[in-house]
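4 protein chains.
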Amino acid sequence: MYSELKQQVWQANLDLVKYSLVTLTWGNVSGIDRERRVIAIKPSGIPYEELKPAQIIILDLDGKIVEGSLKPSSDTSTHLVLYNSFQDIAGITHTHSEYATMFAQAGSEIPCFGTTHADHFKGAIPLTRFLAENEVEENYEKFTGKIIVERFNGLNPLDIPAVLVAGHGAFAWGKSPQESVKNSLILEKVAKMALGVMLINPQQKDLPDYILKKHYGRKHGPNAYYGQD
Amino acid sequence: MYSELKQQVWQANLDLVKYSLVTLTWGNVSGIDRERRVIAIKPSGIPYEELKPAQIIILDLDGKIVEGSLKPSSDTSTHLVLYNSFQDIAGITHTHSEYATMFAQAGSEIPCFGTTHADHFKGAIPLTRFLAENEVEENYEKFTGKIIVERFNGLNPLDIPAVLVAGHGAFAWGKSPQESVKNSLILEKVAKMALGVMLINPQQKDLPDYILKKHYGRKHGPNAYYGQD
Amino acid sequence: MYSELKQQVWQANLDLVKYSLVTLTWGNVSGIDRERRVIAIKPSGIPYEELKPAQIIILDLDGKIVEGSLKPSSDTSTHLVLYNSFQDIAGITHTHSEYATMFAQAGSEIPCFGTTHADHFKGAIPLTRFLAENEVEENYEKFTGKIIVERFNGLNPLDIPAVLVAGHGAFAWGKSPQESVKNSLILEKVAKMALGVMLINPQQKDLPDYILKKHYGRKHGPNAYYGQD
Amino acid sequence: MYSELKQQVWQANLDLVKYSLVTLTWGNVSGIDRERRVIAIKPSGIPYEELKPAQIIILDLDGKIVEGSLKPSSDTSTHLVLYNSFQDIAGITHTHSEYATMFAQAGSEIPCFGTTHADHFKGAIPLTRFLAENEVEENYEKFTGKIIVERFNGLNPLDIPAVLVAGHGAFAWGKSPQESVKNSLILEKVAKMALGVMLINPQQKDLPDYILKKHYGRKHGPNAYYGQD
Numbered sequence: 001m002y003s004e005l006k007q008q009v010w011q012a013n014l015d016l017v018k019y020s021l022v023t024l025t026w027g028n029v030s031g032i033d034r035e036r037r038v039i040a041i042k043p044s045g046i047p048y049e050e051l052k053p054a055q056i057i058i059l060d061l062d063g064k065i066v067e068g069s070l071k072p073s074s075d076t077s078t079h080l081v082l083y084n085s086f087q088d089i090a091g092i093t094h095t096h097s098e099y100a101t102m103f104a105q106a107g108s109e110i111p112c113f114g115t116t117h118a119d120h121f122k123g124a125i126p127l128t129r130f131l132a133e134n135e136v137e138e139n140y141e142k143f144t145g146k147i148i149v150e151r152f153n154g155l156n157p158l159d160i161p162a163v164l165v166a167g168h169g170a171f172a173w174g175k176s177p178q179e180s181v182k183n184s185l186i187l188e189k190v191a192k193m194a195l196g197v198m199l200i201n202p203q204q205k206d207l208p209d210y211i212l213k214k215h216y217g218r219k220h221g222p223n224a225y226y227g228q229d
Numbered sequence: 001m002y003s004e005l006k007q008q009v010w011q012a013n014l015d016l017v018k019y020s021l022v023t024l025t026w027g028n029v030s031g032i033d034r035e036r037r038v039i040a041i042k043p044s045g046i047p048y049e050e051l052k053p054a055q056i057i058i059l060d061l062d063g064k065i066v067e068g069s070l071k072p073s074s075d076t077s078t079h080l081v082l083y084n085s086f087q088d089i090a091g092i093t094h095t096h097s098e099y100a101t102m103f104a105q106a107g108s109e110i111p112c113f114g115t116t117h118a119d120h121f122k123g124a125i126p127l128t129r130f131l132a133e134n135e136v137e138e139n140y141e142k143f144t145g146k147i148i149v150e151r152f153n154g155l156n157p158l159d160i161p162a163v164l165v166a167g168h169g170a171f172a173w174g175k176s177p178q179e180s181v182k183n184s185l186i187l188e189k190v191a192k193m194a195l196g197v198m199l200i201n202p203q204q205k206d207l208p209d210y211i212l213k214k215h216y217g218r219k220h221g222p223n224a225y226y227g228q229d
Numbered sequence: 001m002y003s004e005l006k007q008q009v010w011q012a013n014l015d016l017v018k019y020s021l022v023t024l025t026w027g028n029v030s031g032i033d034r035e036r037r038v039i040a041i042k043p044s045g046i047p048y049e050e051l052k053p054a055q056i057i058i059l060d061l062d063g064k065i066v067e068g069s070l071k072p073s074s075d076t077s078t079h080l081v082l083y084n085s086f087q088d089i090a091g092i093t094h095t096h097s098e099y100a101t102m103f104a105q106a107g108s109e110i111p112c113f114g115t116t117h118a119d120h121f122k123g124a125i126p127l128t129r130f131l132a133e134n135e136v137e138e139n140y141e142k143f144t145g146k147i148i149v150e151r152f153n154g155l156n157p158l159d160i161p162a163v164l165v166a167g168h169g170a171f172a173w174g175k176s177p178q179e180s181v182k183n184s185l186i187l188e189k190v191a192k193m194a195l196g197v198m199l200i201n202p203q204q205k206d207l208p209d210y211i212l213k214k215h216y217g218r219k220h221g222p223n224a225y226y227g228q229d
Numbered sequence: 001m002y003s004e005l006k007q008q009v010w011q012a013n014l015d016l017v018k019y020s021l022v023t024l025t026w027g028n029v030s031g032i033d034r035e036r037r038v039i040a041i042k043p044s045g046i047p048y049e050e051l052k053p054a055q056i057i058i059l060d061l062d063g064k065i066v067e068g069s070l071k072p073s074s075d076t077s078t079h080l081v082l083y084n085s086f087q088d089i090a091g092i093t094h095t096h097s098e099y100a101t102m103f104a105q106a107g108s109e110i111p112c113f114g115t116t117h118a119d120h121f122k123g124a125i126p127l128t129r130f131l132a133e134n135e136v137e138e139n140y141e142k143f144t145g146k147i148i149v150e151r152f153n154g155l156n157p158l159d160i161p162a163v164l165v166a167g168h169g170a171f172a173w174g175k176s177p178q179e180s181v182k183n184s185l186i187l188e189k190v191a192k193m194a195l196g197v198m199l200i201n202p203q204q205k206d207l208p209d210y211i212l213k214k215h216y217g218r219k220h221g222p223n224a225y226y227g228q229d
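Residue numbers (my numbering), protein chains in the order written: chain H, 1 to 229; chain W, 1 to 229; chain F, 1 to 229; chain P, 1 to 229.
A couple of the hints might just be wrong.
As the list claims (entries may be wrong) - Listed below are the simulated DSBU-like cross-link pairs for lysine-lysine, each with C-alpha atoms no more than 35 Å apart in a straight line: (1) 192(P) x 219(W); (2) 71(P) x 142(P); (3) 219(F) x 192(P); (4) 214(P) x 52(F); (5) 219(P) x 214(W); (6) 146(P) x 219(W); (7) 146(W) x 71(W); (8) 64(P) x 146(P); (9) 219(P) x 175(P); (10) 71(H) x 146(H); (11) 214(F) x 64(H); (12) 205(W) x 205(P); (13) 18(P) x 219(W).
It is worth saying that the hints were derived from the structure and are not from the lab.
For clarity, every value in this text was computed on a predicted model and none was experimentally measured.
Take the sequences, apply the hints, and build the full model.
So this is what it looks like as structure tokens:
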């Protein structure tokens, strides 16, 4: 019944390996079917090379399992908070990809130093605050979602489809599971290049704003002219 | 009719993947047939693994499509300006390759620290200025070409067949599409090694000029003696 | 008679190559059968691609060869000291993996900067002291084991299943040979990301302790809820 | 007649690719048959994937071609000087491998920070001086050999089988072509890890001398006990 969604989410999880975004089982992709009000997500701790489409778990938006015999990803609650808060997204990827995680661990946003960044993210990649001790105790994964939503107060999640969670790793999203994986990949490349910039020229400033907007507009919005249509 | 040129440009685009110079669709190679006064270039946004020789677009030197049903690369105007200004080049590669882009984003030329660099580029890799706001608004891609040409005022483009565009990425060129890809690869390696030099010895100076000229001359010009003629 | 143990240790040694943890023959994995009181270890200097399960050496806990016609790894005495001192471990991996070794050579522990680290190691990765000259002369490999045990005085080896040996490289362990290889891989990733953190933000402090404990507890101990039980 | 030597040198050149030590055609391996007083070396500028054993050039020790229809490597004179001066070596590898070249370009020896280094090189990797202008003009490649020999005055080339040529790249050697390639690979790994040490702990000192000697002695000399004899 949910086989197309499962197939899509399964494929997107395998793309994490293809793009070298994960070590062992450190990452997961989910997708949502907003009409049927269900999400599909990777089961917890299953190696990607053994993962089968039928093992993808289907849950309702309250986190109740609809289909699937395995335990869903331990990060499921975070995904649910994001789907419930960011109404326009339909796929989420969580990774500990190396360079993005360096910035998350360093407590530093990723500044927008160039057009590769601006082509996909309309500004610096935001960083959440650390969770408070009581939030960790109460519901670690749910509050991880909440501090992301809190950080995007005033921002459009589709303009900047990624975030760094302080001391942890990265979440990226998009209009489909596949797009969320691509945004994770782009985030990783942008992070690596930003680290290089900081080493070559520690005083470097952000890309001028009019170039940032031009590049973002080439690929997004009503006047986009990159790609075929 | 243009099948040989298309084949050549198609192959050169695939070499971007072989040499790990591109992520997703972030790069394009073009070639020119100066006798027939046409260029061939990658279509916009098509993944390399799906690209077919027949999809390569043929345009005249004013940018009018001569053959091809897809939209050409969004960077086509930049390529055209370069072909019209640099009369001796016959292939151009644009990438956001990681280390070259770090320098472009850091606002730093790539100094000539060694003979690997000097074997292929007769001096530091130049950096353009940023585009002005009115240039971005008027015609972003055309002015990207113009600031490259402006930067090469007084330089021979075949002596230093690459440039860094501030805040953006790299263009390299050569006497054929293949040679422009090779120069992109060399640029990337030279950039990575230059970053290493700056970390090991931040005060390091350029290679002595007489060694630079010797190495460049071993591979280029009337007294070259590298390779099988 | 020991064919299952040999097979397991053989496979774990090959995983060193799969995970890019070794160059040439610079690494070895061993396993222990605590009931029969024997260990199995890689022979010295044999390339992984030529290694056969039957070549794995079986020794008793005093280091006497029980089965096998080749010389065991030159690091065998270190493995023996660890098995004799850390009663709960059943596999050990020794590597010179690049980033872990950078820290060992730099004389720096690997601070716990993030949850990737905390998921697997309950605190900073400890660093041994240098061996004294008389220890080197008397029995280099045995004393390498002894300074590791000395460093873990007051620590639970299964809480932090890895160590850096000053000026040398890394040892990791676990409840099986396979787990010790995985811990070596995780150590390497954690080391690489820690270096990045130090470059981005040299003043960065450790992850707050309550987050460290939460993450470690998600994957270990009585309340673990990661994976399929 | 020289088919075994050619085969060996051909295989060693291909190993440069296997170990990721070369880009394009930037590297070459040679071997010597000291009884017949000939060397075998890669032809200049031929891509490794097209190279055939029959294309390996045979020259006498004065550089006269004995067998082969292609031009030998442009670095042949350097190899000849080394074979004529270092009587115990039988294989030489020249590369521009990335991390070794960073040090050569930075004008820095590679300090011995750890046992990986000490296992193979009995001390820091030496750096030559720059060639003088008249040496470059007179015979660039021959003087490259001479400044290496000059730098090894007082050193045993088999104790430290590699050198950095200032502003250029690396040469490594050994008792066979294969061993010289392995030493190039080890040099590259050691260089990468040394850069990491300098970033983590810029004040780090060399490995204590008694550990250096112990590790070198484990693998070399009369008391070596690493490997299967």
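Next item on the list: Find the hints from earlier in the document that the structure breaks and name them by number, from lowest to highest.
Entry: Hint 5 alone not satisfied by this model.
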